[in-house]
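Engineer: Sequence:
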Amino acid sequence: MIKHLIIIGVFSWASHLVAQVKPSTEIVAKGLLHPWAVAFLNEGRFLVTERSGRLRIIESNGRLQDPIRGLPEIESGGQGGLLDLILDKDFTSNRRIFFCYSEPGVEGNSTALASARLATREDRLEDVQILFSQQPKVNSKYHFGCRIVQDFNKNLFLTLGDRFFQKADAQTLDNHHGKIIRIRVDGKIPADNPLLNRPGALPEIWSYGHRNIQGATLGLDGLLWTHEHGPQGGDEINQPLAGKNYGWPVITYGENYGGGLIGEGIVSKPGLEQPVHYWTPSIAPSGVAFINSDRYGKSWQGNLLVGSLKFRYLVRLNIKNKQVIFEEKLLPNLNQRIRDVREGPDGFIYILTDERQGQLLRLLP
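The sequence shown maps to residues 0 to 364 in numbering that gives the first Met the number 0.
To be clear, the hints were calculated from the coordinates, so they are not data collected in a lab. Everything numeric in this text was worked out from a predicted model, so none of it was measured. For every residue, glycine included, the Cβ atom is placed at its ideal position computed from N, Cα and C. Warning: the hint list may mix true and false statements.
Said to hold, decoys possible - Dumping the calculated SDA-like pairs for lysine to any residue here, alpha-carbon to alpha-carbon at most 20 angstroms:
(1) 319 to 295
(2) 153 to 200
(3) 297 to 232
(4) 328 to 296
(5) 21 to 327
(6) 29 to 333
(7) 321 to 266
(8) 319 to 221
(9) 140 to 218
(10) 319 to 332
(11) 243 to 200
(12) 166 to 244
(13) 153 to 94
(14) 136 to 186
(15) 166 to 299
(16) 328 to 299
(17) 140 to 321
(18) 187 to 149
(19) 328 to 344
(20) 140 to 94
(21) 88 to 344
(22) 153 to 241
(23) 153 to 255
(24) 166 to 268
(25) 153 to 86
(26) 136 to 86
(27) 21 to 326
(28) 321 to 185
(29) 21 to 266
(30) 88 to 289
(31) 309 to 232
(32) 328 to 341
Unchecked claim - Okay, the calculated beta carbon distance ranges per label pair:
(33) 323 to 262: 21 to 29 angstroms
(34) 44 to 199: 45 to 53 angstroms
(35) 66 to 344: 22 to 30 angstroms
Turn these sequences into a full structure, and let the hints steer you where they fit.
Structural biologist: Below, the structure is given as structure tokens:
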């Protein structure tokens with residue numbers, strides 16, 4: 000009996016220790032200039048965008064290669080520049096990548112999505128094609144959105160910000176401000192897009208009523224998950240469904256900078272979707288990834304990780320039936336703005352920090 004009690008006590012003590020263990024990070028690479036997105040090449044190498052307009056390869060030993068040539072013209076400034084990046088699902092055979100950036104034009108700038116082939120020597124891009132250009136262009140340095148997700152059918156989702164000054168446009172369907180669009184890899188419109196046959200609506204629109212989405216990922220169920228910046232408070236996590244209206248700027252859990260109501264000054268309204276989760280005060284979220292591997296233990300599998308630019312930590316969310324049942328702040332002493340969060344092919348989580356001396360970090364269990 001005493002022996003059994005001792006064993007039970009040891010297990011209880013060990014379980015307590017496991018519960019108290021906090022993850023740490025190790026530096027994979029440093030010296031990046033405001034990096035924005037990371038993708039995973041073979042042999043432990045990485046492809047990284049820098050907001051200033053540089054695309055770079057990081058070798059497995061952390062060495063930075065010279066910038067890759069062949070990018071289109073990019074307007075870098077404010078929140079704009081070279082932003083998100085993903086590899087095509089068929090990258091091993093076609094070497095094609097997709098990237099989004101702030102595109103200059105006569106009337107201003109906007110978010111554009113391009114595809115290109117990474118040359119065999121990996122020193123330049125070839126066959127660059129502009130698949131999509133947000134319309135209309137405006138003179139703004141804010142709210143580009145610009146996260147890309149490729150679904151199981153190989154279609155592309157692209158998030159588009161409201162451009163800050165054009166927030167009312169998020170509720171009208173004749174423009175791309177405050178929208179998520181879905182297109183094919185050749186830039187054409189999928190036949191099952193939700194607004195394809197609605198009069199006055201742009202056919203590439205997937206969902207609308209968004210503010211500035213800087214985190215997007217695909218769940219194991221194939222559904223799109225996003226988070227977006229609120230104004231002063233009201234950052235949201237959403238699961239954007241086809242043709243749905245997510246309310247901005249009619250409803251919001253935030254308020255104007257410096258105070259004051261936005262829109263109708265309410266947080267809900269019939270016909271407008273509610274977020275899965277929201278933060279007040281704002282954490283300024285950027286980057287998001289589900290933990291699919293068992294690197295961090297069974298209890299973390301299926302959890303959602305979100306980076307915080309404002310508070311400089313990582314948030315872990317346990318979500319059940321579209322409800323957050325547990326939230327934990329990780330890496331509270333990191334003291335760097337987290338811009339991107341991705342799970343690598345090795346099962347580890349990788350983090351990019353948005354600094355003048357930005358780093359690529361590996362999250363250690």
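Engineer: With reference to the structure, classify each hint as holding or not holding.
Structural biologist: Hint check results:
{"no.": "1", "hint": "319 to 295", "verdict": "19 angstroms, holds"}
{"no.": "2", "hint": "153 to 200", "verdict": "24 angstroms, violated"}
{"no.": "3", "hint": "297 to 232", "verdict": "32 angstroms, violated"}
{"no.": "4", "hint": "328 to 296", "verdict": "17 angstroms, holds"}
{"no.": "5", "hint": "21 to 327", "verdict": "11 angstroms, holds"}
{"no.": "6", "hint": "29 to 333", "verdict": "14 angstroms, holds"}
{"no.": "7", "hint": "321 to 266", "verdict": "18 angstroms, holds"}
{"no.": "8", "hint": "319 to 221", "verdict": "16 angstroms, holds"}
{"no.": "9", "hint": "140 to 218", "verdict": "31 angstroms, violated"}
{"no.": "10", "hint": "319 to 332", "verdict": "28 angstroms, violated"}
{"no.": "11", "hint": "243 to 200", "verdict": "13 angstroms, holds"}
{"no.": "12", "hint": "166 to 244", "verdict": "14 angstroms, holds"}
{"no.": "13", "hint": "153 to 94", "verdict": "15 angstroms, holds"}
{"no.": "14", "hint": "136 to 186", "verdict": "19 angstroms, holds"}
{"no.": "15", "hint": "166 to 299", "verdict": "37 angstroms, violated"}
{"no.": "16", "hint": "328 to 299", "verdict": "13 angstroms, holds"}
{"no.": "17", "hint": "140 to 321", "verdict": "34 angstroms, violated"}
{"no.": "18", "hint": "187 to 149", "verdict": "14 angstroms, holds"}
{"no.": "19", "hint": "328 to 344", "verdict": "24 angstroms, violated"}
{"no.": "20", "hint": "140 to 94", "verdict": "32 angstroms, violated"}
{"no.": "21", "hint": "88 to 344", "verdict": "13 angstroms, holds"}
{"no.": "22", "hint": "153 to 241", "verdict": "16 angstroms, holds"}
{"no.": "23", "hint": "153 to 255", "verdict": "38 angstroms, violated"}
{"no.": "24", "hint": "166 to 268", "verdict": "18 angstroms, holds"}
{"no.": "25", "hint": "153 to 86", "verdict": "11 angstroms, holds"}
{"no.": "26", "hint": "136 to 86", "verdict": "27 angstroms, violated"}
{"no.": "27", "hint": "21 to 326", "verdict": "14 angstroms, holds"}
{"no.": "28", "hint": "321 to 185", "verdict": "33 angstroms, violated"}
{"no.": "29", "hint": "21 to 266", "verdict": "35 angstroms, violated"}
{"no.": "30", "hint": "88 to 289", "verdict": "18 angstroms, holds"}
{"no.": "31", "hint": "309 to 232", "verdict": "12 angstroms, holds"}
{"no.": "32", "hint": "328 to 341", "verdict": "17 angstroms, holds"}
{"no.": "33", "hint": "323 to 262: 21 to 29 angstroms", "verdict": "24 angstroms, holds"}
{"no.": "34", "hint": "44 to 199: 45 to 53 angstroms", "verdict": "47 angstroms, holds"}
{"no.": "35", "hint": "66 to 344: 22 to 30 angstroms", "verdict": "24 angstroms, holds"}
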